[in-house]
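Assemble the complex: chain X is given as a structure, and chain C must be docked to it using the hints.
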Amino acid sequence: MRGPAAVIAAMVTGAWIAAVSAQQQPADNQPGRKWSEEQLRQASSAVRAGRKLTPKSWPNGARVAVALTFTLNNTANNFAVGDSAVVQLTGGEFGGRVGLPRVLDVLDQHDVPATFFIAATAGIVDPEMISDIVKRRRHEIGTLGWSDENPIALNNAVEEERLLANAAGYLAKTAGKKPVGARGPSNLLSLYTMGLLKKAGFMYDSTLQAMDEPYEVLLNGQPVEVIMTVTVNFTLN
Amino acid sequence: MRHAVLIVAAVVGFWLLPSLAEPQGTAVQQPGLKWSEDQLKKAAHHVRAGRTLTPKVWPNGARVAVCLSFDPDDFSIQLNRGDTNVVGVSLGEYAPLTGIPRLLKLLQKYNIPASFYIPAVSAMMHPEMIQELKKGPYEVGIHGWIHENPETINDEAEEWRLTSQALDLLEKQWGRRPVGNRNPSWTMSQYTIGLLKKANLLYDTSLQAMDQPHDILLDGQSTGIIELPVNWILDDPLVGPTGQLPQPRLLMKTFQDDFDVAYKEGTLFMLTMHPHTTPQRSRIKYLEELIVYMKSKPGVWFATAEDIAKYIKQQTQTGGIAGSQ
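In the order they appear, the protein sequences are chains X and C. According to this note's numbering, the residues represented by the first sequence are 1 to 237, in order. According to this note's numbering, the residues represented by the second sequence are 1 to 325, in order.
Next up, chain X with everything else stripped away, as it sits in the complex (with noise of 0.2 Å):
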């Protein structure tokens, strides 16, 4: 809770106060304070953990599963916010040009499968990226919204559904195959992401940290039938 996101958070904040506010008290922003309980109940209840997904056994009777996987969001969070600063684009290329073929390399020698989640825009930009995944033949293609936007700003169910909808096609057509599964872009989700997973079809999201074991998503309490998430972890990053 006191991370990169809450420093910066403090930053702005601070930097906002002392532009704006030469001789006011610091900013108080606790709205929540004064929420009912069923307020706050309806603040935090729209996705919950469900049951515990982990199967007594896992196949040929293996102890545990483990997932190996890359968010390639390169510069495509650059364009979302119509950013094209020539420098930090070159930052996102290296993802494209040496990052990439480097781990497919070290992949292939240990013969490990992995999962790459990507931004439509940097498969666009790059497009080798997604043939060189697809040649080596092991590994699954997942997506990170279209351009790994923020879906918390947009805060638009309708272009959010077209984003999903034009991000899947995207990759469904580059890569020869419906993507089943979902990061959310930004390492977000909406209050309509999980349901516009859901009517969209995908069997599993992996953004969400309530376990470090797989479980079933509640949507509003009520179990995303097919979903369930593949638990992600700050520390594992």
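By construction, these hints were calculated from the structure, which means they are not laboratory data. Being a predicted model, the structure only gives us computed values, none of them experimental. Do not take every clue at face value.
[Unchecked claim] Part of the chain C face toward chain X, derived, beta carbon under 8 Å:
no., residue
1, 37
2, 79
3, 82
4, 84
5, 87
6, 93
7, 94
8, 98
[Stated by the list, open to error] With a Cα cut of at most 25 Å, we get these calculated SDA-like pairs of lysine to any residue:
no., chain 1, residue 1, chain 2, residue 2
9, X, 199, C, 84
10, C, 172, X, 39
11, X, 52, C, 281
12, C, 56, C, 161
13, X, 52, C, 191
14, X, 56, C, 56
15, X, 56, C, 282
16, X, 34, C, 128
17, C, 172, X, 40
18, C, 135, X, 211
19, C, 109, X, 159
20, X, 198, C, 83
21, X, 135, X, 159
22, X, 198, X, 48
23, X, 52, C, 238
24, X, 34, C, 194
25, X, 34, C, 127
26, X, 34, C, 156
27, X, 52, C, 97
28, X, 34, C, 161
29, X, 34, C, 124
30, X, 173, X, 159
31, X, 34, C, 164
32, X, 34, C, 153
33, C, 285, X, 64
34, X, 34, C, 109
35, C, 172, X, 45
Note that CB positions come from ideal geometry on N, CA and C, so glycine has one too.
Below, chain C alone, put in the same frame as chain X:
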């Protein structure tokens, strides 16, 4: 170095944005540069550390008192901001669903008591948490209504409303009225200590003037509230201030080194942890190693903060305090 980098980044951030907004760049606030000696003292002396309260001897001749404490903030901080972020809620649920069960298993294995400072809203959202704590040697203390920041609320009546509500809700769930307070984010308003006294609390565990128990002075007068001090060094951040992962192994080594001096000096080792952090799979084993290390020394008293404060209170009445009287 990381801190230095962060500070530089923060300072640059503070400087850049206002200077973009106001080319004159007059926004940096340093009113204290013009304060008189009287003004400086007034600002600093409102809440101060009083006499030290380390007993001459801990129960059963123990050399040091150890309190493991946990703050289940869950998603109360986020809700207080009015933020419905779905992923944030899921991380907030890690503590009740995964962290606390794993933690209690470890504490039970070594029969260690612990204190839990619970924002009332965390208890409200996951009432099973305190029901589970009631089964073992665990204390429940207050940690704000919703992990609020009383400093920016800056309103005595509102702060009292939140504190009273928090005490009432925890009392209802725990079956006893809490006697200890830890302020959210270790932030207090000018009113907080007065309100803790009004609430008749036995102890506080938020201040940082010493690393042994001490009396709290309010405007120069003893409050009789026992402070069991904390420190950001003795805390388990999920990620560091610049977003990097702390090295759990080094973190626990720091805790162990700190314990060694507390043991040598015969005072108090108060460790603050979070059930969404330390019980993570990559960290829990280091807490176990620390417990095993502390248990390997003779004369270590593991106790709840409440039991420590009660013992101190009793010693103050029978001349059993070691320090300045």
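Cross-check of the supplied hints:
no. : hint            : in the structure
1   : 37              : 24 Å, violated
2   : 79              : 4 Å, holds
3   : 82              : 4 Å, holds
4   : 84              : 5 Å, holds
5   : 87              : 6 Å, holds
6   : 93              : 4 Å, holds
7   : 94              : 5 Å, holds
8   : 98              : 5 Å, holds
9   : 199(X) / 84(C)  : 22 Å, holds
10  : 172(C) / 39(X)  : 21 Å, holds
11  : 52(X) / 281(C)  : 17 Å, holds
12  : 56(C) / 161(C)  : 39 Å, violated
13  : 52(X) / 191(C)  : 45 Å, violated
14  : 56(X) / 56(C)   : 55 Å, violated
15  : 56(X) / 282(C)  : 23 Å, holds
16  : 34(X) / 128(C)  : 24 Å, holds
17  : 172(C) / 40(X)  : 19 Å, holds
18  : 135(C) / 211(X) : 23 Å, holds
19  : 109(C) / 159(X) : 52 Å, violated
20  : 198(X) / 83(C)  : 24 Å, holds
21  : 135(X) / 159(X) : 33 Å, violated
22  : 198(X) / 48(X)  : 15 Å, holds
23  : 52(X) / 238(C)  : 24 Å, holds
24  : 34(X) / 194(C)  : 23 Å, holds
25  : 34(X) / 127(C)  : 20 Å, holds
26  : 34(X) / 156(C)  : 15 Å, holds
27  : 52(X) / 97(C)   : 10 Å, holds
28  : 34(X) / 161(C)  : 10 Å, holds
29  : 34(X) / 124(C)  : 14 Å, holds
30  : 173(X) / 159(X) : 21 Å, holds
31  : 34(X) / 164(C)  : 14 Å, holds
32  : 34(X) / 153(C)  : 12 Å, holds
33  : 285(C) / 64(X)  : 19 Å, holds
34  : 34(X) / 109(C)  : 41 Å, violated
35  : 172(C) / 45(X)  : 23 Å, holds
In the structure shown, a violation is registered for the earlier hints numbered 1, 12, 13, 14, 19, 21 and 34, in ascending order.
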